[in-house]
Amino acid sequence: MDFSFLSDPRYDVIGAFWLTVQLTFWSAIGSFILGVLLAAMRVSPVPLMRRFGGGFVNVMRNIPLTLIIIMMSQVIANQLGVRLATREAGVNPQAFLDNQNFRLAVVGFILYTSTFVCEAIRSGINTVPAGQAEAARAIGLTFTQVLGIVVLPQAIRAVIAPLGSVLIALTKNTTVASAIGVAEAAVLMNTLIENEADKFTAVFLVIAAGFIILTLPTGLLFGALAERNAVKR
Amino acid sequence: MSDRASVLYDIPGPKAKRLNLIISVLFGIALAALVWWVLSILASKDQLESAKWSPFLEGQNWTTYLLPGLWATLQAAVVSVIIALPIGALLGIARLSEHAWLRWPAGVVVEFFRSIPVIILMLFAFQLWFAVLGVSSPFAAVVIGLVLYNGSVLAEVVRAGILAVPRGQTEAALAIGLNKAQLMTIVLLPQAVTTMLPAVVSQLVVIVKDTALGGILVGYVELRRAANTSASFYGNLLPTYVVVALIYIVINMSLSTSSQYLERRLRTRGGGGRMVKIDDAAQNDLMAARQRVEVVGVPGVDEVR
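Chains as they are written, first to last, in our numbering: chain A, 1 to 233; chain B, 1 to 305.
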């Protein structure tokens, strides 16, 4: 099998996967924060917040991610004129587009992935024994304190492994950003296949290996973290 | 879920009720402001004009673009499921085999295809199909990509389902002299199917959503892509995407609802009670799948020990 395209300066394999990592990193942080907020809303004593949280989750996770990402670019940015990057005069407009599309993709990934984080944390809340919340209420803690000091820390420790799965799914999902031209691994593979059609198996193996290198340690790391942080009961 | 959530706070007294009301009102105002802001942006960009939305009242828009697109989406999803289910079942059973030469390759195949993005699989399948048969077929690329990925995921569902059948069943079957094949086909699989069904139905949601990936790089004209053509014809991109999103939400929510119905029905029926649930967020993780499988202790067997 011919892997000569790896040393071809036209194809930046490391750069493409670095973009995949960056997309994953920023989306993961945003999804975690929004996911925790959504989970808190869904268990809160305020009915309106519960309903909003539930509605948001049910809408977002039933829409294909492809649709969300393309809407971010074609509808939110192009039609409604929302700008997530500044366009400076005299600077290469491609740099602005790259920045803009990268940020739009991250926002799209956050909206989609946060719903899965929310559901994982909610199932974690269910694993916390009722006595914990009851004891916390008995000593007079308010709802925010019960949730923030007692229940959520235990819930999150219980769902480290599922959150790892969400992170792995997110890493793979970043390939959808190819739909709006973010030059990550899937775009690279597409270009490579177009130019080096005869070597498509080698191309596939390289890209596949890249994703295995990214996802395998994530799974192992989160598995180990889950074991170390498990709440002893 | 809701009965457990209420453990987090007391039944509100007069003071808490007032506080909840104040928060509700503030949150409601914030939401209303957000909606108003979005609507005003939409109005300023002329997105709320009836001309933008009226194409959905035209039969031609539906018969030319949206319905064929929807049909293509459902076709790819259904064909993928029909092929992926038996492959998943075989791989799942192979992973439980006591022969290492069968267990290991099955494990490698499952783990390999689960850790690769579906788009990458589709791109590869597209090229492979072209190289072997000399014709390009976006449909085949989409189906092969979905089958490779979902076959692996379903293998884990099947494996978890079989492992969830109480051990006493295996012991009893072997004790009355059934062989390995009979044990699997007469005793384990029939019982596993009922516990797996909800997880399989929720996997359908993932497959329906993933057909949209075929519209990005391999050029399969599914619902999203067909709608895009319609939108450029009528000049109503935003309304079209909103309608497409609604179609997806309706399809997937009815699938989820039927999965929950199945789960409830199977759980309340005699012999149920052990559910295998692998949601699409956790599907990638073997650990998660293992954790969700509860092998229930069998009375009379575990007690003796």
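Among these hints, one or two may not hold up.
Per label pair, the in silico range of CB-to-CB distance [said to hold, decoys possible]:
id, chain 1, residue 1, chain 2, residue 2, range
1, B, 183, A, 196, 19 to 27 Å
2, B, 44, A, 21, 32 to 40 Å
3, B, 90, A, 12, 39 to 47 Å
4, A, 92, B, 21, 36 to 44 Å
5, B, 242, A, 225, 52 to 60 Å
If you are wondering where the hints come from, they were derived from the structure by calculation, not from laboratory data.
Beta carbons are placed, not taken as given, at the ideal position from N, Cα and C, and that holds for glycine.
Here's how the hints hold up against the structure:
A C-beta distance of roughly 50 Å is found between residue 183 (chain B) and residue 196 (chain A), which places it outside the suggested range of 19 to 27 Å. Between residue 44 (chain B) and residue 21 (chain A), the C-beta spacing of about 38 Å keeps the proposed range 32 to 40 Å intact. A hinted range of 39 to 47 Å for the beta carbons of residue 90 (chain B) and residue 12 (chain A) is consistent with their spacing of about 40 Å. Between residue 92 (chain A) and residue 21 (chain B) the C-beta distance comes to about 54 Å, which lies outside the given range of 36 to 44 Å.
With their beta carbons about 40 Å apart, residue 242 (chain B) and residue 225 (chain A) fall outside the hinted range of 52 to 60 Å.
The structure fails hints 1, 4 and 5 (numbered hints given earlier, in ascending order).
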